[in-house]
Amino acid sequence: MADEPSHCYPQGDELLRLARRAVLFLNEHSTLVPALWGPSSEGKTHFVRSLAREMGAHFLHVILQGLKPDDALGAQIMTLDARLVVAHSWWFQEAKELVDQGRKVVILLDEMDKVDPEIVASVLTFLRDRTALGVSLEDEEAIREGRAQRLAYLVAACNPGAMDEALRRRLAFIWWPTDVQRYYQAAAGSEIARLAIEANAQGLAQRRREAEPPPAPDFTLASVDALRRGQSELVRLPREERAFILSLLMPQEAAAKVERELQALPLRPEEQLDYLLQHPDEAARVLGRLPAPELVAAGASMVLHADRSGQMERIPAAFIAVLKGAVAPALERPDDPRARQEALLRLAAWLEERPDKAELRRICQEAVARLGPDPFFAEAARDNFLTFRQEGGLPKAEGALVDFCRACAEEEARSHG
Amino acid sequence: MDDEPELREKVTRSLPPRLAGLLESGLVAIELRSSKLPTNHALTVYRKGDFRFTILLRSETVRAAGEAAIRGLIRHELGHIFLGHFADSHLECQRLCNTLAEEAEVNYYVPREELMAIDAVATRLLQEFAAQALGEDAARILAAAGGLHARAVYPEEVAARAGLSPDLPPLWRLLHPLLHPWPEEEPPLLPGGEGQEAGLCGGVQVDPDALAEAMGVAAAIASSPRGQGALSELQEQARSWGSGQGRESIPWQMPSLPPWAQKLAEWARRLAEREWRRRRSRLRPRLDVLRSTGRYLPDWGRERRRKEATVVLAVDTSGSMAQDLHYARPAVEFLLAQGFTVRFICGDVEVTVDELLRPGSPIPDPAGGGGTDICPLVERAQQYSPKGIAIYTDAAIPRWPPRPEGASVLWIVPAGARPPYGEVAHWRPAGGAGPRLTAAVGTEIQAC
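Keeping their order, the protein sequence lines are chains A and B. Oh and the first sequence: position 125 is 125 in our numbering, straight run, nothing missing. Oh and the second sequence: position 324 is 324 in our numbering, straight run, nothing missing.
Be a bit skeptical, because a hint or two may be false.
What the simulated footprint calls covered on chain A by chain B, stretch by stretch (three residues with Cβ under 8 Å from a Cβ of chain B suffice, anywhere in the stretch; the number is not a length) [stated by the list, open to error]: (1) 187–197; (2) 252–259; (3) 284–294; (4) 297–309.
It is worth saying that the hints were derived from the structure and are not from the lab. The beta carbon of each residue, even a glycine, is placed where N, CA and C say it ideally should be.
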């Protein structure tokens, strides 16, 4: 959201709707706490209060600025009879009582940017686990497993400025810049108020232009957890609401890409290619049964997919599987000259120079450089492939393979020697 | 079979070049097989050691189908292969929800006109089969009752049922978590292991221990040049939702109500009083306008209007009705659509739901499941002095309620039940009457 031009950002009712949805989603499906980021007197508290009213929830306003450790969440105290008991802060006590009665509560943690450094740790613990001094507001496990409903909703509010890094990563920022539409809504038919807004319109527009956006969200494990737990709801939401929530969980470009990919058509063989990469022996067996053009295409897809999906460590095995698949006829029928000829043709098809194989060649060369000794190559160098030279034809393919096998055999000998 | 080469030629001819090209690669083969039952019109199997997928097409279907239907069937089966509907993740769930999600995902790539062509031919074959098995008269009655209608799984309907956002494509991986587990109380659809071919299942049926081979061949198909061609052919259909090349005539299929619903409608119409009212002159159509448009009819200045009527629909929600409760909903919808105000009463041994529904009102979910006694329902119904009471029950009741005074009574009961008074309409009891899926082609046989 950092690069979001303020004039493109949702305004008025649209922002209220999206923010409402995001607050509910984040509370119900994630450990991240929604945080309204904007200058003071722009209606953040009013929004949370009206949200609580709509939900039929009790509203608790907690101002974190200036709170000391004992006030923020509570303290252990010693009673007159020398027992240690936990005394929670007023708001936690009240929230806990409401939740225990089965009533909803919305807690606004205001001035989150001005939290005393001494209480950052306990606030962080509360934000992450919703516990204070070991006491939990709700049964988080039951909520996570869908056995219970969320009753305590947290919303943070902060003014633009520096913020503790750890706190920042626990929050999902909803930008709350100056919004002229909101001013008109607040005027609600008052002629004088309307005239005043028009008189100040330029100043308001200027303030919006200069509004400081919140820091771009990091993509963390908490984001993944939210997406996993909330998938069923996300896919039911209209596109704008889904896109807005995604933009709170990861950088803007990534969120846009996820939304694009969601809309994209699913006929892609990634899953099958992953399977082949994970099972190279099976891959070799299957590739050995394919006609030459299909062998080349499937082999290339495997290697390219491994490269693009970051499975670099699987490229050597995939490369060997393709070679095994190419020479499969010769391996299956070693005494049949026609099988060897067929194997050579398949090998030639795989090794054939083509402009579109430049990337593949680069990837394979890098992978070959990292190849360890493989028994396949040692065996091939000793037995079958060296005899291809006597069969004549296709010296290029043969030469490439022979050189390759020799290099591998030598490397193996060195490692054993 | 004698005419197999001709049928094979028919199949090849019906395919667009890019789909036919995939068959030439040898990675997908088509086999024709004969089957008496008009289900499983097409099925894809992977046999261990084959290193190719085999699409089994029912000969009788190919013979009866037009090019669009055959093309749709092949497209559908290729979709299963491309989408990997045999991978581990798909085998984890063997319930109806999995099949529905798979069928919806695949049919997203089948143009609408081809789906409708499949519907038409499957329905025709079903009716012919019924005529042979039951006799023509019985088949005609069944067809009129809407009991012999085959319908494909339409992706948008499944997506709507699952609540999927309309801006997202109906992918299996999006749909299945929304539908699962469904239905919860029923056993898994697939028996698993041997004999799968004869069972009802979506996706591709892979021989035991051949999953790895199948995955490899599917990957090869999807990444090979000819596979890529077929893939883009499928994707283009999905993007445009139809090729615009449908030329086959599409017969009108008027939905027909089952007999019990017809009886209910007839009963309800009798209850609704009508009256003639004088139409206000300024609301009458102007004569000159009518004449100029050629629609002139003598206007008597009167029109027939229906007076508001309230009927009670009492639904027995005892445990024995659990399988058949869903029939009540279309009955309520029908009455509301006809402009009736419906007092909807449900209960087992006591009233659990009692709501007044007007046209447009949401229909509440029935509640109950305990013992059986419909007398409390009828007593409650009488309190509202309705014109009519329709009682929907399986008649597995300890006693019949006393005749309500001043109200016409319609019993909707299974065949064989003999209520002591009132009119009777019979609904078909559970067992063989529920919706079934012939998942191989994703067609649904609606039983009622």
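Verification of the supplied hints:
1. 187–197: violated (count 0)
2. 252–259: violated (count 0)
3. 284–294: holds (count 8)
4. 297–309: Contact hint for the region 297–309 of chain A vs chain B: holds, 5 residues under 8 Å.
Taken one by one, the earlier hints fail for this structure at numbers 1 and 2, listed in ascending order.
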